[in-house]
Amino acid sequence: MEELIQQLFNGVFLGSIYALLALGYTMVYGIIGLINFAHGDVYMIGAFIGFFLITELHLNFWVTLVLTMGLCALVGMLIEFLAYRPLRHHGAPKITSLITAIGVSFLLENGMSFLFGGDSRSFPQAIKLVNFKVGFIHITNIQLLILIVSIALMVLLQFIVQKTKMGRAMRAVSVDQEAANIVGIKVDQTISFTFAIGSALAGAAGVLIGLYYNSLDPLMGMAPGIKSFIAAVFGGIGSIPGAAIGGWLIGLIETLTFTLGISSWKDAVVYAVLIVVLLVRPNGIFGKKAGEKV
Amino acid sequence: MKRNLREQFIWLLIAFGGWLIIDLLTFGGVINSFMLTIITMIEINVILAVSLNLILGISGQFSLGHAGFMAIGAYASAIITQSLPTIWGFFLSIIVGIVISSFIALIEGIPTLRLRGDYLAIATLGVSEIIRITINNLEITNGPKGIYNLPQFSNWSLVYIVACIVTLIIVNLIHSKTGRAILAVRDNEIAASAVGVNPTKYKVIAFTVGAAGASLAGSLYANYIQSVTPGDFTFMQSISVLIMVVLGGVGSITGSVLAAVVLGVVDTVLQNYGALRMVLYSLILIIFMLFRPAGFLGNWEFSVKRFFTKQKSSRENKS
Amino acid sequence: MNLLEVKNLTKNFGGLTAVDDVSLHVADQELVALIGPNGAGKTTIFNLLTGVNTPSSGTISLKIDEKLQLLNQQPVSKIADLGLARTFQNIRLFEQMTVLDNVMVAMTSKVSENPLSEVLRLPSFYEKETQMKDKAIKLLELFDLAESVDQKASNLAYGQQRRLEIVRALATEPKLLFLDEPAAGMNPRETAELTASIKMIQEKFKIAIILIEHDMKLVMELAQRIYVLEYGRLIAEGQPKEIQNNPEVIRAYLGGDDLELF
Numbered sequence: 001m002e003e004l005i006q007q008l009f010n011g012v013f014l015g016s017i018y019a020l021l022a023l024g025y026t027m028v029y030g031i032i033g034l035i036n037f038a039h040g041d042v043y044m045i046g047a048f049i050g051f052f053l054i055t056e057l058h059l060n061f062w063v064t065l066v067l068t069m070g071l072c073a074l075v076g077m078l079i080e081f082l083a084y085r086p087l088r089h090h091g092a093p094k095i096t097s098l099i100t101a102i103g104v105s106f107l108l109e110n111g112m113s114f115l116f117g118g119d120s121r122s123f124p125q126a127i128k129l130v131n132f133k134v135g136f137i138h139i140t141n142i143q144l145l146i147l148i149v150s151i152a153l154m155v156l157l158q159f160i161v162q163k164t165k166m167g168r169a170m171r172a173v174s175v176d177q178e179a180a181n182i183v184g185i186k187v188d189q190t191i192s193f194t195f196a197i198g199s200a201l202a203g204a205a206g207v208l209i210g211l212y213y214n215s216l217d218p219l220m221g222m223a224p225g226i227k228s229f230i231a232a233v234f235g236g237i238g239s240i241p242g243a244a245i246g247g248w249l250i251g252l253i254e255t256l257t258f259t260l261g262i263s264s265w266k267d268a269v270v271y272a273v274l275i276v277v278l279l280v281r282p283n284g285i286f287g288k289k290a291g292e293k294v
Numbered sequence: 001m002k003r004n005l006r007e008q009f010i011w012l013l014i015a016f017g018g019w020l021i022i023d024l025l026t027f028g029g030v031i032n033s034f035m036l037t038i039i040t041m042i043e044i045n046v047i048l049a050v051s052l053n054l055i056l057g058i059s060g061q062f063s064l065g066h067a068g069f070m071a072i073g074a075y076a077s078a079i080i081t082q083s084l085p086t087i088w089g090f091f092l093s094i095i096v097g098i099v100i101s102s103f104i105a106l107i108e109g110i111p112t113l114r115l116r117g118d119y120l121a122i123a124t125l126g127v128s129e130i131i132r133i134t135i136n137n138l139e140i141t142n143g144p145k146g147i148y149n150l151p152q153f154s155n156w157s158l159v160y161i162v163a164c165i166v167t168l169i170i171v172n173l174i175h176s177k178t179g180r181a182i183l184a185v186r187d188n189e190i191a192a193s194a195v196g197v198n199p200t201k202y203k204v205i206a207f208t209v210g211a212a213g214a215s216l217a218g219s220l221y222a223n224y225i226q227s228v229t230p231g232d233f234t235f236m237q238s239i240s241v242l243i244m245v246v247l248g249g250v251g252s253i254t255g256s257v258l259a260a261v262v263l264g265v266v267d268t269v270l271q272n273y274g275a276l277r278m279v280l281y282s283l284i285l286i287i288f289m290l291f292r293p294a295g296f297l298g299n300w301e302f303s304v305k306r307f308f309t310k311q312k313s314s315r316e317n318k319s
Numbered sequence: 001m002n003l004l005e006v007k008n009l010t011k012n013f014g015g016l017t018a019v020d021d022v023s024l025h026v027a028d029q030e031l032v033a034l035i036g037p038n039g040a041g042k043t044t045i046f047n048l049l050t051g052v053n054t055p056s057s058g059t060i061s062l063k064i065d066e067k068l069q070l071l072n073q074q075p076v077s078k079i080a081d082l083g084l085a086r087t088f089q090n091i092r093l094f095e096q097m098t099v100l101d102n103v104m105v106a107m108t109s110k111v112s113e114n115p116l117s118e119v120l121r122l123p124s125f126y127e128k129e130t131q132m133k134d135k136a137i138k139l140l141e142l143f144d145l146a147e148s149v150d151q152k153a154s155n156l157a158y159g160q161q162r163r164l165e166i167v168r169a170l171a172t173e174p175k176l177l178f179l180d181e182p183a184a185g186m187n188p189r190e191t192a193e194l195t196a197s198i199k200m201i202q203e204k205f206k207i208a209i210i211l212i213e214h215d216m217k218l219v220m221e222l223a224q225r226i227y228v229l230e231y232g233r234l235i236a237e238g239q240p241k242e243i244q245n246n247p248e249v250i251r252a253y254l255g256g257d258d259l260e261l262f
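Protein chains in written order, with the working numbering: chain A, 1 to 294; chain B, 1 to 319; chain C, 1 to 262.
The list that follows gives simulated cross-link-like pairs (lysine-lysine, DSBU-like), each with its CA atoms no further than 35 Å apart:
(1) C:63 to A:293
(2) C:78 to A:94
(3) B:201 to A:293
(4) A:293 to C:199
(5) C:135 to A:293
(6) C:135 to B:201
(7) A:266 to B:201
(8) C:138 to A:293
(9) B:201 to C:206
(10) C:152 to A:293
A few chain A residues facing chain B, derived, Cβ under 8 Å:
(11) 95
(12) 102
(13) 294
Hints listed in this document are in silico derivations from the structure and should not be mistaken for laboratory results. A virtual CB, placed ideally from N, CA and C, is assigned to each residue, including glycine.
Work out the full structure, taking the sequences as your base and the hints as a guide.
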């Protein structure tokens with residue numbers, strides 16, 4: 001029982017990272033209907049940027065986190081500008097954008113491998129590890145940090161989307177690009193901003209995971225990328241609270257399979273739960289019904 | 001009626017011509033064994049791409065699960081030919097693979113094919129991964145280590161013939177009553193049901209036939225490469241078939257064949273660039289998509305019938 | 001016995017009652033019109049009868065082999081199979097397919113075919129294909145579409161698309177044809193042609209037709225009986241002459257934003 005509760009806590013911490021990544025997927029998907037395959041790789045780039053800022057420039061953790069988020073935002077906007085925007089302006093089919101996104105993902109993974117080698121590096125201990133014990137539960141300060149930073153960023157995001165002018169523009173574009181354009185919203189700018197925010201969150205997740213697992217490599221984004229997309233689907237693509245819940249759900253399922261001693265079936269369990277959820281709720285937990293009018 | 005038979009006959013003639021060219025070039029020493037391996041892999045990819053295009057392009061269902069069905073075929077053949085190392089054992093294993101794959105596709109398709117677009121993609125990806133993880137955990141499949149030292153039953157020539165047969169079957173299916181119904185469901189599901197076409201039924205037919213094709217390709221692959229591991233059938237394998245289909249043109253069977261060949265050649269050329277190989281590959285992919293968003297051929301299709309009617313009409317015009 | 005018998009049909013969408021306790025019937029070979037202001041629930045009734053939406057309550061029965069059979073809960077394709085065919089207010093063709101294929105698809109459930117003969121191209125495949133094709137072309141000829149058999153449906157002119165939808169519905173060999181605003185967007189000449197075509201359908205195919213239409217000239221010329229709907233409820237039923245003079249109907253139309261007067 002103690003073991004189970006401990007694992008539930010670990011699941012929440014791990015899930016926070018998935019949730020941060022899932023938010024980026026869900027925002028981009030919500031606004032242009034694209035599975036941004038390269039999103040997991042932006043997270044990898046974030047970990048690398050964090051690594052260099054700390055080891056080469058000896059910046060402290062908080063400065064690194066903020067700078068990484070800013071730089072990743074630029075990377076995200078650049079990817080959107082170079083790869084997705086031209087296709088969007090040509091009205092290319094969605095599947096073409098998806099393949100392009102896969103191409104960008106390959107490029108980032110292999111480009112980084114080519115430039116920095118494919119081996120994994122160890123992430124510097126920017127914050128001294130401290131162990132707490134609350135009752136029988138072990139928690140580290142880094143786990144707490146992950147949870148607090150994630151929740152803070154999610155609240156900030158929800159505020160931006162719901163309360164700011166840019167957030168209103170994002171919501172408008174996601175409902176109807178043409179109509180948004182007619183009422184004077186700069187569609188390209190809004191989409192670019194969405195990529196910036198999503199990528200900044202991915203960058204933050206990259207730095208946090210580097211700190212948590214102490215390692216990074218060019219392919220580190222692949223598995224979490226897919227996982228967090230699944231998290232977004234769980235919650236209902238396009239829904240911000242859905243992405244957060246989905247992320248935590250996957251984190252919990254994964255750690256629970258450890259407790260049950262079936263960790264080699266970890267991903268299978270995640271997928272099985274996902275399929276069941278989709279069969280019951282075809283648009284995810286918080287997804288909106290999209291019926292066709294006859 | 002006679003013209004119809006002639007059309008099928010011309011297809012066979014073209015297919016045989018291709019086979020003869022490769023055979024003669026091999027005999028003449030122009031094609032070496034390294035190139036034959038590439039040709040065989042291209043042929044396997046043709047089967048995979050054409051069968052996925054039936055699901056993706058013709059039926060309009062976004063499946064990311066092709067690798068799972070390929071894995072079933074590959075492991076069926078690996079396991080059966082281990083204990084029954086004859087060509088008949090191999091043929092039996094192909095059939096076993098197809099039966100299992102079709103059955104799973106049926107069970108999977110009936111509930112999931114209601115899902116739309118990317119939700120369906122994730123569900124099919126899920127089933128594919130569950131298949132792979134199951135293989136990874138079973139004794140009979142030898143877990144993550146996989147199965148080695150399989151007898152080699154497939155060769156370029158057999159795979160070539162099978163690829164032609166699969167393509168012909170799928171093309172014939174598309175140009176039949178069943179194919180029309182599948183296309184109608186893709187174009188407008190509500191209108192299709194309003195004229196008595198059951199959407200689920202025809203989606204499941206396309207999905208199941210496509211899965212059978214993937215399984216067949218898996219069998220041929222296993223007994224060509226002579227080894228199988230779960231790592232051969234990850235999500236990336238499904239993606240690589242998807243890339244072929246989109247590059248060729250979604251809905252164009254001709255395009256799928258062409259894309260399998262072109263990508264095979266590109267991959268071979270890039271082998272010379274060592275570490276830069278994948279970087280160049282991804283750049284080519286992105287740039288190609290930016291400049292030809294509809295793929296090589298869009299939804300254009302080579303047709304013997306059209307080819308000959310054109311010839312005839314131009315002849316008539318001249319006279 | 002009536003061909004179609006609808007009793008106490010109700011449909012709620014959330015809090016909104018789109019169709020409220022509607023009972024109606026259609027006799028063999030009868031031509032019935034369903035009229036009413038915009039938003040009265042006419043198309044919803046079509047959707048309920050053809051299975052696109054499921055009724056909240058009430059029954060829909062169709063005469064099959066001289067017995068009434070309940071249609072509720074049947075899937076759309078099954079209902080089409082049993083003899084209810086329709087067109088759509090916003091045209092729904094198979095746009096990427098040819099005109100001929102659009103019609104041949106509609107024969108899918110009526111022609112048996114074995115997949116082996118399709119894939120292996122056995123003689124029986126070609127026989128059945130030719131039969132279907134001949135039948136489709138005959139239907140297309142009746143509606144002046146034979147010239148465009150090989151064209152993509154999306155390339156047809158608007159009026160042709162509307163006609164093709166009717167041909168496609170007829171290819172399912174229906175007992176009852178639902179036409180949802182067939183004259184919408186047509187000019188007077190096209191409407192006159194359409195009126196003649198509908199008459200022809202009724203006589204030649206000997207089927208019943210239910211028609212939603214705003215063009216009152218067309219309705220009055222064709223309909224044998226008219227149902228008038230307002231806010232989801234039936235407010236009148238009768239012969240065209242009776243309906244024209246019904247004070248309830250006049251009030252509904254003058255009070256509404258619909259400007260089509262008699």
